[in-house]
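Colleague: Single-letter residue listing:
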Amino acid sequence: MDNKINFQQLVEQFAKASGMSRNWSEQFVKSFFDIISEKVIEEGLVKVKGLGTFKLVATENRESVNVNTGERIVIEGHQKINFIPESELKEFINQPFSAFETIQLNDEQVEELARMDDESSNSAKEEAATSVSSDSAEQTEVKPVTKPVVLVGPLLPAGGARNGEAHHIHPAFRFIGKVLVWVLSVALALGVVAYAVWPALFVVLFKDVEPNRDGSGMSYTSQFEFEVQPADTINADTVIADTVIADTVVADTVVADTITEIGSFDISETESLASAEQAAVADRTASSGTLVLLASDEMRDLSEITAADTVNYLIVGELEKYVIGNGDTFTKLALKYYGSKKLWPYIAKCNNVDVNKLKAGDVVSIPILVNR
Amino acid sequence: MNNKQFLTQLSGKCSIDDSQASEHVQTLVKVLQQIWHDGDAVSLSGFGVLEVRKKNERISVNPTTGIRMLVPPKLVLTFKPSSILKEKLK
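Residue numbers (this note's numbering), protein chains in the order written: chain Y, 6 to 377; chain E, -6 to 83.
Because the hints were derived from the structure by calculation, they are not lab data. All C-beta atoms, glycine included, are put in the ideal place defined by N, C-alpha and C. One thing to keep in mind: the hints can contain errors.
[To be verified] Not the full set, but computed from the structure, chain E residues with beta-carbon under 7 Å of chain Y:
1. Lys6
2. Thr20
3. Leu21
Go ahead and model the full structure; you've got the sequences and the hints to work with.
Modeller: Here it is, written out as structure tokens:
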């Protein structure tokens, strides 16, 4: 698989298949390809039965843009060699995939495909969301929140509320946010009760995960496997939030008894209380989950953990050095350390490197980000 | 240049007759097919690389009717001429 067969190897295989001498085979294979390359240039077309057609094709002048300078350049017309395999050969090559056929799509299917893309990126978050519940339920020691950070996000439509991504902070909301934090925490508490009592709501919210009730708890399987603690052990005190914390957070002591992020804030009078609660719970667990999970993953002291789903951060120091491995990208690192792909530019900025020239073995530093 | 002319040229170079040349060409093509079937590429200096590549599935739209089609993934044989051959074109 994926080997490159060179001329000598090809001659060897041909000699074996044809039963001719090696010298003669070498001459034959050599003339075979020599004639093709010679004649395709001289005559512009060579047909070989069983293989296909080599053809000389002229391209016209075209304009392009120099990617580095942004300058417009003209690529002059030239001739190039095209190869069109015979249809029999084509079919033979495509045999492994011959079972597939072109399908006509209607609009719903197109949307579904788009949604599948979306959800695959959300699934990681949902996993985090569920594991936070168990994490926090296990907490025995509760650390006071030293520096609550209040983040106020713009309205998310009810349907998209579970997607706890990308709340851009609007400064005007900050003040209102503080005032309403407590109102919302009450709402959240109610929401948690509703959450515990009606797991059906959960099913509605996480349609793509199959709930599997067995009295004491639920287990979900999706891309990842995880377990949720019994719902009644989750109470308002342990459900946390996004404002987690803290100087000396050791992962296990992460907690919070305050809710600080207000996710779906503009939910107004027009929305029913129930749906507001649902949205709030889902949203909150989604984003807090990311953080707590990260914290427990990292298992090290962080001077500050910030919510992953906002945009404005200050770089205050270095979390650690990271050696780039094969296939690593800044977006992957951002996802790993901050829980959001969107924060990769901070890593790039901190390192001042050309993103496109990153190679395996390079050492980059991962910055500590603090909410502005 | 069609297949017949090609065989004539080939037989002239290798001192065999046309029908033998045709047979040997078929043998060579079979050998090549086996190589591609195994997922390997044929790389010949001075000529180029003949390689099987996978094309991803995609959604295409018929511009006149607006109907969307899901085109399945497929394997295609591609030829990439070597730089020496490209140089000769200029």
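Colleague: Which earlier hints turn out false for this structure, listed by number in ascending order?
Modeller: none
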